[in-house]
Amino acid sequence: MRNRIQESQEQKSVRDLKIGESGEISSLNDPEMALKLLEMGCIPGAEVKLNSKAPFGDPVTIIVNDYTLSLRLDEAETILLK
Numbered sequence: 001m002r003n004r005i006q007e008s009q010e011q012k013s014v015r016d017l018k019i020g021e022s023g024e025i026s027s028l029n030d031p032e033m034a035l036k037l038l039e040m041g042c043i044p045g046a047e048v049k050l051n052s053k054a055p056f057g058d059p060v061t062i063i064v065n066d067y068t069l070s071l072r073l074d075e076a077e078t079i080l081l082k
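With UniProt numbering, letter number 62 in the sequence shown gets 62, and the count goes up by one each step, no holes.
Check before you lean on any hint, since a few could be wrong.
Within a straight-line C-alpha distance of at most 27 Å, the following computed BS3-like cross-link-like pairs (lysine-lysine) qualify [what the hints assert, rightly or not]:
1. K36 to K49
2. K36 to K18
3. K12 to K82
4. K49 to K12
5. K53 to K18
6. K36 to K82
Derived Cβ-Cβ restraints for the label pairs, each shown as a range [what the hints assert, rightly or not]:
7. L73 to P44: 18 to 24 Å
8. R72 to S22: 18 to 24 Å
9. P31 to K82: 16 to 22 Å
10. E10 to P55: 28 to 34 Å
11. P55 to S26: 26 to 32 Å
12. I63 to S27: 16 to 22 Å
13. P55 to A34: 27 to 33 Å
14. L35 to Q11: 18 to 24 Å
15. P55 to E32: 26 to 32 Å
16. P55 to L35: 16 to 22 Å
17. K49 to D74: 16 to 22 Å
18. D16 to G45: 16 to 22 Å
Don't read these hints as lab results, they were simulated from the structure. Source: prediction; values computed, not measured. By construction, the Cβ of each residue, glycine as well, lies at the ideal position given by its N, Cα and C atoms.
Let the hints inform the model, and build the full structure from the sequences given.
Shown next as structure tokens:
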């Protein structure tokens, strides 16, 4: 269990991206949020790019499959990257 917690803490999420950076989605770590994100196109294997951040950092906009989505930071943190 401890290794799994450490692994998720070390794994990069969409929240960690800087504007203009992109990554490939590896998994979604919140079961309740996962369905919402999957419906919006955030599926494992899809490329995601951080498009912009609000002045105080929350929310952020990301581009997934040519769609621009706005997410709160806590939602962005649940999208883990490879």
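Hints versus structure:
For the hint pairing K36 with K49, the CA-to-CA distance comes to about 18 Å; that is within 27 Å, so the pair holds. A C-alpha spacing of about 23 Å is found between K36 and K18, which places the hinted pair at or below 27 Å, so the restraint holds. Distance hint between K12 and K82 is fulfilled; the C-alpha atoms sit about 7 Å from each other, no more than 27 Å. About 13 Å separates the Cα atoms of K49 and K12, which keeps this hinted pair within 27 Å; it holds.
With a CA separation close to 9 Å, the supplied pair K53 and K18 stays within the 27 Å bound. A C-alpha spacing of about 20 Å is found between K36 and K82, which places the hinted pair at or below 27 Å, so the restraint holds. Taken as a hint, the range 18 to 24 Å holds for the pair L73 and P44, whose Cβ atoms sit roughly 21 Å apart. Hint check: R72 to S22, Cβ distance near 20 Å, so the stated range 18 to 24 Å holds.
Roughly 20 Å separates the CB atoms of P31 and K82, a value that falls within the hinted 16 to 22 Å. With their beta carbons about 29 Å apart, E10 and P55 fall inside the hinted range of 28 to 34 Å. At about 30 Å, the beta-carbon gap between P55 and S26 stays in the expected band of 26 to 32 Å. Taking 16 to 22 Å as the suggested C-beta distance range, the pair I63 and S27 conforms, at roughly 19 Å.
Checking the proposed 27 to 33 Å range against P55 and A34 shows it holds: the Cβ atoms sit about 29 Å from each other. At roughly 21 Å, the beta-carbon separation of L35 and Q11 lies within the given 18 to 24 Å, and the hint holds. Our hint of 26 to 32 Å for P55 and E32 holds, since their Cβ atoms are close to 28 Å apart. Between P55 and L35 the Cβ separation comes to about 30 Å, which falls outside the hinted range of 16 to 22 Å.
About 20 Å separates the C-beta atoms of K49 and D74, a value consistent with the hinted range of 16 to 22 Å. Look at D16 against G45: about 19 Å separates their beta carbons, and that is inside 16 to 22 Å.
Comparing the model with each earlier hint shows a violation of hint 16 alone; every other hint is respected.
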